[in-house]
Structures are given as structure tokens and as C-alpha cells.
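Protein chains in written order, with the numbering used here: chain Y, 2 to 316; chain C, 1248 to 1815; chain B, 196 to 513.
Treat the hints with care, as some may be off.
Said to hold, decoys possible - A few chain Y residues that face chain B, going by a derived Cβ cut-off under 8 Å, partial list only:
#1 Val-18
#2 His-80
#3 Leu-136
#4 Trp-147
#5 Leu-150
#6 Gly-253
#7 Ile-283
Everything labelled a hint here was simulated from the structure, so no lab data went into it.
Think of the CB as a built atom: it goes at the ideal place given N, C-alpha and C, for glycine as much as any other residue.
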Amino acid sequence: MIGYLLRRLVWAMAVLVAVGGVTFVLVYVLPADPARVIAGPRASADAVAHIRTQLGLDQPLVVQLAAYVERAIHGDFGHSFSQNLDVLPLILQRFPATLQLALAGLFVELAIGLPLGVLAAVRRDSGFDRGSTILSIVLVSAPSFWVGLLLIHYLGFLPHTQFGIDLFPIGGYKALDLRYLILPAVTVGFAGAAYYTRLTRVTMLDELHRDYVRTARAIGLAETRVLWKHAFRNALGPILTQIGLDFGFFLGGVVVVEQIFSWPGIGKLAVESIRTADVPLIMGTVLFGTLCIVVANLAVDIGNAIADPRIRYTR
Amino acid sequence: MARHATARRWMAALLAVGLLGGACTSAATNQPSTGPASSPGASTATSVPSAAVATGGTLSIAWNSDIQYFDPAKGYDVVSWPAEKLIYEQLLQYDSGTKLLPLLADGMPTVSNGGKTYTFKLHSGVKFVNPDGSVLREMNADDVVASINRVLDPNLKPSASPVAGGFFGNIVGAADVIAGKAKAASGLKKIDDLTVEFDLNQADATFLNILATPFASVLPKEAPHDAAQVATKPIGTGPYVLKAYTKGSQATFAANKSYWQAGQPFLDEIDFKVGVDDNAAIQQIQAGQLDLMGDPLPAGSFTQITTDPQYADRLVTHTLVDTDYLFFDTQQPNNGPLSKLAVRQALEYAIDKDNILKLVHGAGVKADCIFPPDLPGYDPTCHPYTFDQAKAKQMLADAGYPNGFSSTLYTDTTDPDPQIVQALQQDLAAVGVKVNIVTEEFATFLDRIETPHKAPMGWVGWFQDYPDPSDFIDPLLSCATAVQGGANAPLYCNKQVDQMAAQARGETDPAKRLQAYQDIQKAIMADAPWVPVRHQKWFTLVSTRVNNFQLHPVWNYDLRSVSLKPGS
Amino acid sequence: MTAQLVAAGTDYEVSDARGRSRAWDVLRRNPSFWAGSAMVVAVIVLAVAAPVIAPHDPDQQYRREGLNAHGDPIGPSAAFPLGTDLLGRDELSRLLFGARTSLTVGIVANAIATLVGVAVGSIAAFAGNVTVGLGLPGGRRLAVTVPLETILMRLTDAILSFPVLLLAIALVAVIGASLVLVVAVIAGVLWTGIARIVYSRMVVLRDAEFVLAARALGVPAPRILVRHVLPHLTSIIAVYATLGIASTILFEATLSFLGVGVPLPTATWGQMISQHLGYYDTDPRLVVLPGLAIMITILAFNLLGDALADAFDPHRWR
């Protein structure tokens, strides 16, 4: 078990290093010259050369990579020239917004997906079941950026124009102001809600056909108790696994939704960094996104290993 | 300042939309008849427009992108400059038009030594004020000298000022400071507490314009040479202080109660709300939740707002000192078609500029030559080519391309540039020239067009840094800049034109000087390195409360003069 | 949904002729299958026939008749059945040609991803550890054991940990937008899913009796793989290839929406939305229509793939 965990940890590190390496090579060949971008449109060739030397951009790729790794180990991820801040504090500063959106999106997914899935399983083959299946296929087929835009257009202005209250501001962010969170969270969560409906339905169906459920019913336990205390609890395994993976993915930045709603999170920061050829920030945001995914994977693996001792530890 | 995507939407951040300008020195007073479109309360020139009165209250303005720097040595973008103009002041400023006036200087400078020495008397009793409103001390000549030396410092953090050499390199000894060989430029001299002298290497009529840019702001001499530290506690002499700032969200500027000019500032507070999408901003202005927006009207609601009579008196518009153009690689390798004068001249006839103006909803003035209307040297009679596709086709055939040729047209990804290049593509196809379109992020695109021969054709714009025709010719169309890293994207190099430009720069008679630049413009257009297409026009909507807001020809947004209508 | 329950009781790992006809029975009775198939066929027909049925050249700008006096797009009319876009081009023609772009990317990227995924998954499952003999100087040989199975499947996991969208945007910034790049990026990510599924099924099959028997008879491993094992997985592969087309079209639309997809002026639905964002307030048609086109196309492939999955792979939600 310990060996298994160690192997997983080493593997997670390896993935991080691989992604970092790939990204570094990518930004190295980026056609925009970072020194030129930093120096500004009016700078002389000498000034650009000075900055290039200062930042070590005239060194070979391997030397630059080694320098980056060394600084990164000491917690220095460089200075974002487009935002004029150090990369690490900048990412940490943007993180709460993304965390909020990730939590809210996950909440939307589960608040809709879990009850619908359980209901569909319990009333399988009913009209409700069929309806929810069709609805979930339709919802996973809608592009989230488009749904976000529709929400903005048809909900964003409605309360405002009809009742004079700004119930769903159409973009932007205020810390702890839930009104700004509603539409982005729904946009993040609607497709996932459909997915969880189906996942929950199938896992619940599996559980409901197991012997212990039959036994529990036979000894006369109340149906709700059987359903939630026993079947649902056992069905949670695969659902929790998925939640873990989703959460990690969201934390790395919800790129499209953050764009549409001008949500100042990691995803928007990452896109801005690419647009402005802000090399240190590209590296930082991509690494951060990968870290979130890798840590989530690791957490899920460890969770599963603890929960289910039968798991194969060989790989 | 420079290169810009020809407008912005998703990206705004980078573009140092250079903010406009006007007459070249106090001697030049031409204001062409096609000047700024009128806006309420236009006034001329005392040190601050006089129509405004102190009314107090809070004004809010929304911006798409954030303030990048509170350090005037570094800030070079559309949001940083208006913010800096509130906190800091310079020796000189412009009136509501393009005429230079003293600000921190007590009167215009005396010029001696054949135009190479400028001596300024400083205003007395000017106070540096801390962000909390307390007075630091009075400004003196040491601060002025230290501020310019600070801009020249190559070790300024996080990196050197982008204009150290470009704007201030002409000061005697500046090159040594930039090279790290000296701490202070010998040509920057304190004569006494309230007298400063600038010695230049060469006489330069544009130097006073440079002293009016935010780069020449006067900071206390003890200001740290680190933009991040300055941002935490910006200290200037301006009418407002930075009361609070949350990155990515809002900057709050409060009235400087100890301001040295009586009767100012006009407002209690100015709030910059940043990261606001232009569609959201226009909604909020219509709803009365916001007073101003720092970005132009978005394309979708443009017609709706500009044609609605209820907004007629709240619509503010102005033609920018800007030219957007299609350029050709005039030295295209392998004897390429664009290296041939006859081909380029033919293409001058191929572009339907009226259509492009229609596509941008009339947010522009048709450009046939290089200089925009508000720039000294503008020539309303300059129309060397007119749209005629049949003629273009014939000329291409005569030049040996009866079936046209293929090429690639580059631009950036910021609206409306991708739309405009698609229109250009159809125009060029109509005369037989098939172009592939490549849109790139602005930083990448900029690097491409400043690298020789990486873009046979490109679509880009240029805003002035300061109101002088040399700011269009020297950086964009001279042999010296037709190099790697130079802004001369068409690699245009005509030795004769270079010679004319050198003479024009040294010409001391303003009228002769402007005539010389008009001749240069004609000579360049005959070589057809560009197809000038439009001069951008800026449209914005203000709330009902706003008083005395006008788009400034040099600064675009100069909020010092804005107040609120009484009772609002 | 009886379908699922019937199928759930069967041994889905090794299908056989009987299993298939049962699956077909299940499929036949599933309305989603018929709806999905009909929509898929319709979209493909519209895309293929676009040059014939589109009223205009999708890239032609009708500057006089396609834009109003203010330079805004115009609404539906006889000449332009769904109106025009911001450059005065016919919206309907662009929607039809947009289908070509989406389907081209969807089908080509999926074909590549499926090939790579099946290859990697099979090799990982069947090759296991490969021992390679290396000739050393002095005539000695060194046997190196390469844990191919672990390497391949770990690589698959690693790619799934990449922030794919960001890397795609960065790649476009480096290389420049092109159809080939979009296909390559999507295929480069998508194969991992197929590889995982094929691998998980193959691991079971490689220990199945008929495989062990063939091995005992000395049939070479590649031949066992291709002739005996892969045929058992065709239906599963078909299911995931179909669902993959849906996710591919979604991904392509997202890339185009972010402005890093197929270059201008090629009609793509994602870009048609993003180009008109400024107009959705005054003319929502320009944002709603391409979005509907994306949704209907993805829905078609999802319905079909889902019906196939119900029939052939009822446990996929695990």
C-alpha cells in the first residue's frame, strides 16, 4: 500500500515535469520575442538586447530550462510583465475566484444530478426516467459557451429591464457577492448535471439489484432508508471519483466560462497570458492547472485505495 | 504611441493606444477645419478648462483592461495614462486642443543655444501629497532632475522604461545613464531650487511635446526605482490621490485636498472599474449606473445608440490622430510582385475604403494619405489614388501580372481587424490577387511585422505619441527603422525621402517645416508602401450627470476637467 | 430502458453472434437510435450537398444588398433566407458550409484517434513487457526489459492530465491556426480515451481460453490480435468513435469560438458565434443559429452513440 502510494506520487511528479517541459519548449519557440514585448513598442534594439541578457533569454533552451527549474524549486516562478506582478502571488490572487466558481459549478452539477439520477433509477422505465435521459443527452450536447451566452441574453437583462433589479449581473466578479456567481455557475454546471444524472442512475440501478438491498427490503427496512442509507451510499464510490476529477479540472481554470463572464480566475488569466505572449505567466498557469488535475487524480486514487482494499496495486 | 490593433474588444490590455495629440509646439497653431467633433463645453486653454466647477460627488468610469502601472516611467497603455494624469503632473500640458501650456512650469521655457537648451522656471508652492492625503513636502528642481534620471535608469524594476532612449536619449549624457555608465545625465541641471535646465545634443522641435507626456511626470526624488513599490504608494502633485486599489476590480481616486491650484479638483472621488466588458459598460451607462466608459462603443449596439435621439446630446465623438493602413513588403525577396512599384501602385486603386468605413459603422474618416486630420502637416488635398478596380486590374496586367498573384495578409485577432482583412481579401481577389488571411495574437503579430520579410502584406494602425508629423515619418517610413525590430513594416527606404526628412526635422520655420512634411508625404505615397484606409473615429456615451467631458486630442481621456452636473 | 437491463445481464466482454443479434434487437426498439441516425444522416447530407443547396457562395460579401445603410447585417429575406452576417455574407450558406468544417474535423480527427487508440490499447495489453536484446561491444548481449504496458498506459494517463485547451491555444499561437492543426490537436487528445477502453477490454480477452488455445498452437501474437481478438471489440469501438465525433465537434467549436480554430474566412460555427458576440444584443439570430447548429449536430451523434452504447456496452457509465 505504501509502495503503491509512493509510486503514484512519483508518477504525479513525472507528469508535472513532463507538462512543464512540453510547455517550456512551446513558449520557447513562441514567435513573439518576450524581450521585445517587455521592452515596449518604442524601445531601441539595445534596450531589447539588454532585457534579453537580463532575463537570460539569449541562453540555450536547456540552460534556460535548468534556470527555470532551479528558481521554481525555490518558489520563484518569475515576473509577469503583462500584469506587472510576480507569477505565484498573481495566481494565488486569482485562485479564490476560480475556487468559488469551481465549488459553485460542482454544487450545481450535484444538486441537480444526484437527485435526478436517484429518482430516475428508482422509477426506471417511467416517463420521468425517459425524460431525464433525453434531457441529459440534450444538455451534454449544448456547448457551454453558447449556453452561457443565452443565459446572459435571456436571463441577464430580464430582471433588470422588467423589475429594475440587477439580479443576474452579466459579467464581472465581486468577492462573496453571490449574484455574480449564479449565471457562471449554472453555465459551468449544466452539462455536468446531465452527466451526473446518468452516472448516478446507472450506479444506483446496479446497487439496487444487489443481494443486500433485497435482504434489507426483505427484513422490512423502510424504502427511503434502503435507498439512501444503503444503496446510495454504496453507489457513491464511482460518483466521488468523478467529483474528484471534475474538481481538479475546474480548479485549473474554467477557461471558456471565465472568458464569457469576465470572471477574473485562473482560466482567464491563462488565456490573457497566451494572448500577450507573457511567457512566465503561461508557464505558471499551465503548471498550476496541471498540478490541480494531478493532485485530484492522486487524491482519488488514494481515496479509492483506502475505500476498496481489493484494488490492484501493481500498476 | 505606436502600433495598435485597430480597435479592441477581448484584448485591450496590450495596446498602448497611444492617445492622440495636436500642434507641435506653441508656435504652431493650426487646427484644421476637420478637427475634433464638437462635444459639450469645449473651451480653450487656461491651465485647466474653465467651464467646470467643483461640484464634488463620485464619478465612475469602466475599462476593459486593468491599470498596468502606477509608475509613469513604465505605463504605456490606455488605462495607465488616464490614471497617471490624475496622480502626477508634468512641466507642460496641452490645452483642450493641441496647444502646449505650462503646468508645473511657471511659464513656457526660455530657449537658447540654437534650440539646444531649454530653461524652465518651476511653479512655487507645488506640494507632493501622500496617498492618505497628507502633504509630503514642496516640489523643487531636484525632483524634476531626479524624475528624468529615473526614467533613464537601465536598472529600473521590473525593467527599464520603454522610452528611455527613444524619448529622452537626446538629452546630453542620457546615453551614458542608459548604458549604465553614469547615475545622472550631465544635461539635466538644477540651476536653483526653482530653475531647471535641459541641454540637448541636437535641436529638436518635438522635445517640449515629450515633456508633456506622462513619462516626464515629476515624482519626489526619493521615489523608489521600482514600479511595484511605487504602485503601493504613488506620490505626485496631481489633483487626485490613489485612495484604494484592488487589482482586477477597482481603483479609487480621492480628491487631493492640498492641491496647489485653487478651485480644483472638481470631484470628491473618481472610480476606475476595470475588467468590465464594453457591452456590460454600455448597458450600465444606459441604466445610469455608470458615468463613462474608457472603450469605444461596441459594434453591435453602435447603430442603436448613435441613431437614438435620446442619446444625441450624450454621445461624444472625436477623430483620433491615427492612420490604419494596409502595407506591402516593398523589398519583397526574390523579386516578388510587391517589390515592384507598378504592382503596389495598382493595388492602391483596388481597395474599397468606403465599404470598410461602412463595416465599422462609420467609425472612421477615409484616409488617402499618411497624416491624420488633427496632425500638423495634414493635407486635405492629398488624394493620390481613388478606388477603381478596372484600373487596378489593367495596371497589374501592364506590370506583368494579368492573372494576379498569391500572397498572405497578416493582422491581429482583435475586432474589427479580422473583419476588415476579410473585406480587403475580397477587394484584392476582385483584381486577381489571392491572399490567405492569417490572424495572430497582437504580441506575435507585432513581432512578425517588425521582422523583415515575415509579412508580405499586413493590416495595422499607428497612433501618434505626440502631435508632430515626424512621429509618423521617422519611426514608420525611414531607412533607419527598416530593420529587425523597427516599426517600418513595409521596409520602406528611399534615400531621397530620408534626406528630405532630415531637412524638415532641422527646419525652424514652422510653416516651412509643415510644407516640407507635406512634400515628404506626397513622395512616399508615390512609392505606395501603404494603402492608407481610415483614420479611426472614437464614439462613446456618457451618463446624464456628466459635465464637461470631452475626448482630448492628445490624451483621449483626461478626467481632470470633468465634473458632475449640479444637482445630480 | 429495458434495453439496458437486458443487456446488463449478459456477458458483454465477449460478444458473439447471438449477442449481436440480441444487441440489434435492443437497438431496433430504441427510438434514440432511429432519431440519432436520421439526424446524423441529415447533417451529413446537408454538409455534402452544401455546394448544391447553398443559395450563395459562403464567403461572398454582398456589400450593398447584404448590409443596411448603417453597415449592420440584415434579417431574413427572399435573397438571404436566414439573413446576412456582419460582412454581408449569406448566413444560411455559411451554416451549411460550417457543417462541412465540423464534420470534416469530427470524422478525420476521430478516424486518426481511433486508429491510434486501438493500436496503443492493443499493444499495451498484448505486448506486456518486451525484452529487447542489445548488442554490446565485445560480442556480449544485454537483455533489457521494457515495461511497454506500463509506459503506454501511463502516457495515456499523462495526456489526460494536460490542460488541453490551454496547450491548444498556445500551440496555435506558436504554429498558427490551420485545419490540420485543429485535427492534430483533437486527435492527439482523443485517442487516449479509446486506448483506455480498448486496453481494459483486451486485458480480459488476452487471458480468455480461445486466446490461450491459439497461443498454445503457436499462432503469432499479432495474428491472434487482429484475427481473433479485435473482431470482438468492433462494436465497442464503433460506440466510442460515434460518441467521440460528438466531443470532437464540441471541441472544435470551442477552439473556433476562442479564435484559435480554422483560419478566416472559412465558415465554422464556433467562429460564427464569436464574431457576432457584439451583435447578440441587437440581433440574437447571429449567435443563436450557429449555436443551434452545433447543438443539433452534437445531439445527433450523442443520441446515436448512446443508443449503440446501450446495446453493446451497457456498463459504460461505470
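Structure-based check of all given hints:
About 10 Å separates the beta-carbon of Val-18/Y from the nearest beta-carbon of chain B, more than 8 Å, and the hint is not met. Look at His-80/Y: its Cβ only gets to about 19 Å from chain B, farther than 8 Å, so that hint breaks. Evaluation of the Leu-136/Y hint against chain B yields a violated restraint, the C-beta minimum of about 11 Å exceeding 8 Å. Among the interface hints, the one on Trp-147/Y holds; its C-beta lies about 4 Å from the nearest C-beta in chain B, closer than the 8 Å criterion.
Nearest Cβ of chain B to the Cβ of Leu-150/Y: about 6 Å, under the 8 Å cut. The hint holds. Annotation: Gly-253/Y was flagged as interfacial toward chain B, and the flag holds, the nearest CB pair being 5 Å apart, inside 8 Å. Taking 8 Å as the C-beta contact cut-off toward chain B, the hint placing Ile-283/Y at the interface holds, the least distance being around 6 Å.
Hint compliance for this structure: hints 1, 2 and 3 are not met, and every other hint is.
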